[in-house]
Amino acid sequence: MHMTVNRQKIMITAPFLAVFIAALFFVSCGSDYEKPSTTQTGSPLTAASTLKLWIDSGNVNGTGYDRVVILDVTPYATYTAGHVPGALFVDSNDISQTRTEGVAASTNEVLDGSRMDDLVQRYGIDGNTTVVFTGSSLVNATRAYFTFRYWGFPKSRLKLLDGLNGNWNTTYGLVAGLPPVVARSGYSVKSNPGLRNDLRVSLSEMIDYADGKIPNVLPIDDRTAATAGSYAGIRGSTAGLFNPSGDYTVFEGRIRGAQAIAVNTLYNGTNVFNPSDQLVASFTSIGLDSTKTAYTYCKVGFQGAIAFFVLDGILGWPVALYDGSWAQWGQLSGDSSMKGQLNASSPWRTDIAGRSDNIVYNFESLPLSAVTSTATQNDLTTSGTFTGTANSTYVVTIDSTGGVTDTFSWLVSGTTSSRANVAITAGSPQPLINGVLVTFATGTGHALNDTWTFTATARKNIEQYTADGTVCSAAYSANGTSVTNSNGGTTACTNTVNSFDTDANRVEEADKAYMNSGGGGSGGSGSVPAGC
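The sequence shown runs contiguously to residue 596 in our numbering.
In case anyone wonders, no lab produced these hints; they're calculated from the structure.
We put the CB at the ideal spot given by N, CA and C, even for glycine.
Errors might be hidden in some of the hints.
[To be verified] Straight line, CA to CA, 20 Å or less: simulated SDA-like cross-link-like pairs of lysine to any residue:
(1) LYS356 <-> THR234
(2) LYS277 <-> ALA141
(3) LYS277 <-> THR162
(4) LYS356 <-> SER346
[Claimed, not checked] Here are the in silico distance ranges between beta carbons for each label pair:
(5) GLY241 <-> ASP120: 39 to 45 Å
(6) THR355 <-> ALA574: 29 to 35 Å
(7) GLY380 <-> TYR236: 34 to 40 Å
(8) ALA141 <-> ALA296: 18 to 24 Å
(9) VAL239 <-> PRO411: 29 to 35 Å
(10) VAL336 <-> ALA296: 50 to 56 Å
(11) THR162 <-> ALA296: 42 to 48 Å
(12) ALA145 <-> LYS356: 40 to 46 Å
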């Protein structure tokens, strides 16, 4: 909406101006946070000494405008073994859920309104509560921070304990035992000033960016070593998301134009974030500054929340989290030969050069051409091609000089240079980086004409969605419907997709409707000032 404003010079005394600005801030950020509070600090990143002061002052699980709730998002066994005094246990499964966006369900999406209200009420949180996030992992603590930000809680009331539980333990010590019992609140996110959907990137928004429709954006790929291979286009990098858990995304790669930053370089080994100047340097080195909006993403939207917190909570730069992340993006393939389930011309398709870089398919055949090694006593005498999921056997000839290992190279998919070399010890199967096992067949020492068997591993299970025009939930979906995977199975589908724009944003549209449904007090779903 565009508005014309007539600007006039107004002389205001300094005291009046200060009062006016303060009042404007609190009104614009929601009536539930109008009262001043000693727990409203300038930055969400909070030192252990500050939290200790709040604990000693009786603010934690207390009452009134200075009430503090500490949410420890960590495994239960870890929590009971030791936690910050007064902290409440939060299961990491309670800060995300499977939701349908676009043509299929995605795991680890932001909570819907009813589940968010249940979370807030369960821990006695109301409009006067300062919430401190901690735990054993920044992944979970920052994801919880994002969830509360999305649902309109002001940044001034959200804190993250710098260094988490480990840092607290070093200085003050953790306490063991069960969680404290707190009374439920009746608070609803509907009472917050508005939904911050500008902090979340929907599927259609990410597609629009890739198509060049959203300017001044830089996607930041935050996958760490465990899944960073997907960014580089290495097969088999993204698995364990689906049911069965061995299923892979259809393809690997990265969103067009994305720059990589490993989030574990943004903090030290004790989960204490780097100084601000170092954080700025980390992001400017990949082309990001405060004039651009960062779209952070990772495998499932959790590691990306760490970068989101750094940019939103520490640096104050424009940022939004792509909630679906690669678990969603890497599924939307229109290449049926690689088990993609969209039509080739589907508007949802992401495995095209204009939308993704470094595309490789996890179902692609793995032809191996054995080649002679550089070690003269260790030769593969039979060269050939191994394709698919069956076994293929090669014979190794060792000359009279013998040898304790056999070293060989292999080629992949018709490439002209070897992908790697490997030395095989007798009796020990060796995995290769392209998903093949090499097994020494005799099981004893090396001899003339020993045999080696190449066996494909974990490449045939590709999670599949239905053809374009139908919405299906995967086998992990809460409603119990399923999709066919490459090993077979039943497909149960509902909800015809009629509009790309509407259905791609169905998560946020549903959440806006929840905020507008009433019953939450004075909150609403209008625009919220960026500082709130």
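Quiz item: Which of the numbered hints are not met once you compare them with the structure shown?
Solution: 1, 2, 3, 5, 7, 8, 9, 10 and 11
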